[in-house]
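Visitor: Below, each chain spelled out in residue letters.
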Amino acid sequence: MMKSGDMMKASAPRKNFRLTTNTIMTTLTAACAFFVVSILVLILGYIAWQGIAAINLRFLFDTPKPVGEGGGIGNAITGTLLLLLIASVIGMPFGIATGIYLAEFGEGRFATLVRFVADTLTGVPSIVVGVFVYTLIVLPMKQFSTLAGGLALALIMIPIVTRTTEEMIRLVPTSLREGALALGAPQCRVTLGVVLPAAASGIATGAMLAIARVSGETAPLLFTAFGSRFFNWRLDQPIASLTVQIYNYAISPYDEWHAQAWAATLVLMTLILLINITVRFFTRRKF
Amino acid sequence: MPEESTTGQAAQRAGISAEKASVRDLNFFYGNTQALHHVSLAIPERQVMAFIGPSGCGKSTFLRTLNRMNDTIPGTRVEGQVWIDGQDIYAPDMDVVNLRRRVGMVFQKSNPFPKSIFDNVAYGLHINRLTKSKAELQERVERALMDAALWPEVKDRLKSSALGLSGGQQQRLCIARALAVQPEVILMDEPASALDPMATQKIEELIVELKRQYTIVIVTHNMQQAARVSDQTAFFWLGKLVEVNSTEKIFTAPDQKLTEDYITGRFG
Amino acid sequence: MVNPQPSLPSPASAYGARARVWNWRRTLAPTGNRGDALFRILLFLFALILLLIVATMIVAIAANSRLSIDKFGMAFLTGRAWNPVTGQFGALPFIYGTIVSSLIALLIAVPLSLGVAVFLVEQAPRSLARPIAFLVELLAAIPSVVYGLWGIFVLAPFLRVHVEPLLARWLGWLPFFQGPITGIGLLTGGIILAIMITPIISAVVRDVLSAVPVSQREAALALGATKWETTRVVLANAASGIAGAIILGLGRAIGETMAVTMVIGNRPQISASLFEPSYTIASVIANEFTEATDNLYLSALIEIGLILFLVTFMVNGAAKLLVWSVTRGTSGTARAA
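If you're matching them up, the sequences are chains A, B and C in order. Letter 161 of the first sequence, counting from 1, is numbered 161 in the numbering used here, and no numbers are missing. So the mapping is simple: the numbering used here equals the position in the second sequence, first residue as 1, plus 287. So the mapping is simple: the numbering used here equals the position in the third sequence, first residue as 1, plus 555.
Just chain A, same shape as in the assembly (with noise of 0.2 Å):
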């Protein structure tokens, strides 16, 4: 039997060996996640850096030109801004659509068959959707579309809004929906008019995140927008966009081009981590 005293003594070496180990762990995933977050500054510090130094105003309206004749990315960001808007025109729709559908209308093999396929369409890599949308649309018109692209991000676009959509419908208390319908409204007045108001903030705050995701895709953008050299505001023309114009200095051997680049990178960037970090910022839940 054990006396007192005995309370804090256990087999010491085996003891040493477990508090070690503990402090060990401990620090090996602190460690990790520092230097995950040290990526995170390096990446983005970099691009700051490099980026600033080649920015100026004109860069931002003029477009591009030869070697050594300076230029821009005016046309670019006009594009990425087109391609975005085309892209939120057939995309939202959908997905909101979509997801109301399976939130409301969610049970049986059709739904099920819906949620499996939207889930899906967002592990199929982005470059597929760009050879689909290639095969149906740049074949038959035989060139390069503002509207193939922006078709290829809407594809891109509609699963990721269909999902956020229905989550943020189904966290609407189902009190709201039964207060409603108590008074006699219909199924469709009560959604619009009660359930959809209620869930506008989560839904477009999906949907400005599938923005922001959709404006850093390039690889669906390379053969259906491919790319231009000018302005372009017609449908049925290549256009410019800031991913695209990247990826091509990036790749080409000019120093000036290189720089470039980084300052069309750190636009872009700019973008999108005003969305992100405004999204986050209002919808602070946990974690």
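Rather than coming from a laboratory, the hints here were simulated on the basis of the structure. Just to be clear, a hint being listed does not mean it is correct.
[As the list claims (entries may be wrong)] Estimated spans, in silico, between C-beta atoms of each pair:
hint, chain 1, residue 1, chain 2, residue 2, range
1, C, H717, A, D255, 18 to 24 Å
2, B, N509, A, A204, 48 to 54 Å
3, C, I596, B, Q395, 47 to 53 Å
4, B, K419, C, H717, 45 to 51 Å
5, B, R364, A, L19, 23 to 29 Å
6, A, L19, B, K419, 18 to 24 Å
7, B, T551, C, S795, 48 to 54 Å
8, C, L721, A, A48, 28 to 34 Å
9, C, L865, A, A182, 47 to 53 Å
10, A, A48, C, T737, 25 to 31 Å
11, A, A198, C, F689, 22 to 28 Å
Using N, Cα and C, we set each Cβ at its ideal position, and we do this for glycine too.
Once you've looked at the hints, dock chains B and C against the given chain A.
Guide: Here is chains B and C on its own, set in the frame of chain A:
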């Protein structure tokens, strides 16, 4: 089985009990809210002490101060002293990990690990490196399962998953798991509240059997259960210890009117 | 005549089963309200179109690879030659490059992500965990092409000057670390991929670890376990979810295009050395698609796209199943996006 000490038997026959633990003027805070007020209490050795009281009165919180499980909740603060075997467990140099081996705990809802029955019971033995050979490990596990009155039901399926047992069996498994490391005190936080009457009865029989070797402290909201199994009872109300006495006295002629009101069901 | 159903939200299927009179409107909208029926039809159409689009996608890609499939058959998967000029197309070099770069990425990213997740869920105080979690997730917001840019101008030179020579010196007896050092190659590709999939794996593992009930931790602590020992119990509980997270990361690594294209060298060859340039499935499509002049070339590239689609589909499916089995019910937010 470890021998019961003769001093313990003599003390029990004389009606006095050696003191296993003593709590002196304990105040407990969750952040700014005070949950326990000036609680002083002596826990006698090798007896069952029950904590009763309405829900939210602090009895579970108090139980958890005895093995410092409240340390895992951020923002908690303890004032006062808890002495176990002549040592203040809240002293800065206290080895908390070892404390928790010596003061075991069984929870309200059974929480077996997703491992085999054998591995569950062996877990504490493994991490504390308490056995030197496989045979010794086997023996200790078997003994713990026998002490927990579970051995006959599981002896043929020690390697099967613990999650396949019924609720009552899982709880007895958790008791076996706690027993395996040979604690001196066992804390039980409403151990039978999630179980059906048959399983509850088995647990209560087990508790009466276990007190021959271990000091047991049990929190229960079921007064009849407290009356059935415990030797001493402490009544808590709104974070204060109202009365502590032998179970017989508490349930027949309590000193405090508040206690009497609770026992007779006037509130709670 | 069926009694009017009460206006309560309920799954349409329940009504469909119980209606004794088959009635268009009733089936579509339990309340019998015309607005509800229209509403439901409209939404249903959107969902249906989504299904059709995906179906068309698969069919279109399969149809356009027909040419190549007919010509090469199974030999496409084992052929080592990729020669547009002579019309010889074999996908093995790309399959090899994809597998190896993904494996390198997993080897680096998995321990790193697990460490980060364990730190954030089990060890860091709440006030520290939230900003760090945010920063780690920010890594996922960086576009692929930006990683590629950084890879070309920062990571590759760094590896070329500081890391690969050391690897060659110490581990040069292994065939993996032999040959000329340029900084552009399989190793760089793998490392960039590792950085890119770390935030995804760690985010899912964090969800999975948080889903393990507190009672498991308490059980271990009450038996006198140290913090690390308790964490091991939690990890054991979350095992299948962690496996799912890893497979999810693998799926992302396989499909990653731009960053890899920019740092892997784009040479269709199979060599044991990690310093050597290589080529992945996604990269060859990105690089050569617009240059595919004849139909066979194009068809071969599209067939490669088909392979990529099928592989990621299966990998992601497996991952989702594993993760679902652990976080069932608890909020598994749109992580895998």
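Visitor: So which hints don't hold here, by number, going up?
Guide: Of the numbered hints given earlier, the structure breaks none, since each of them holds.
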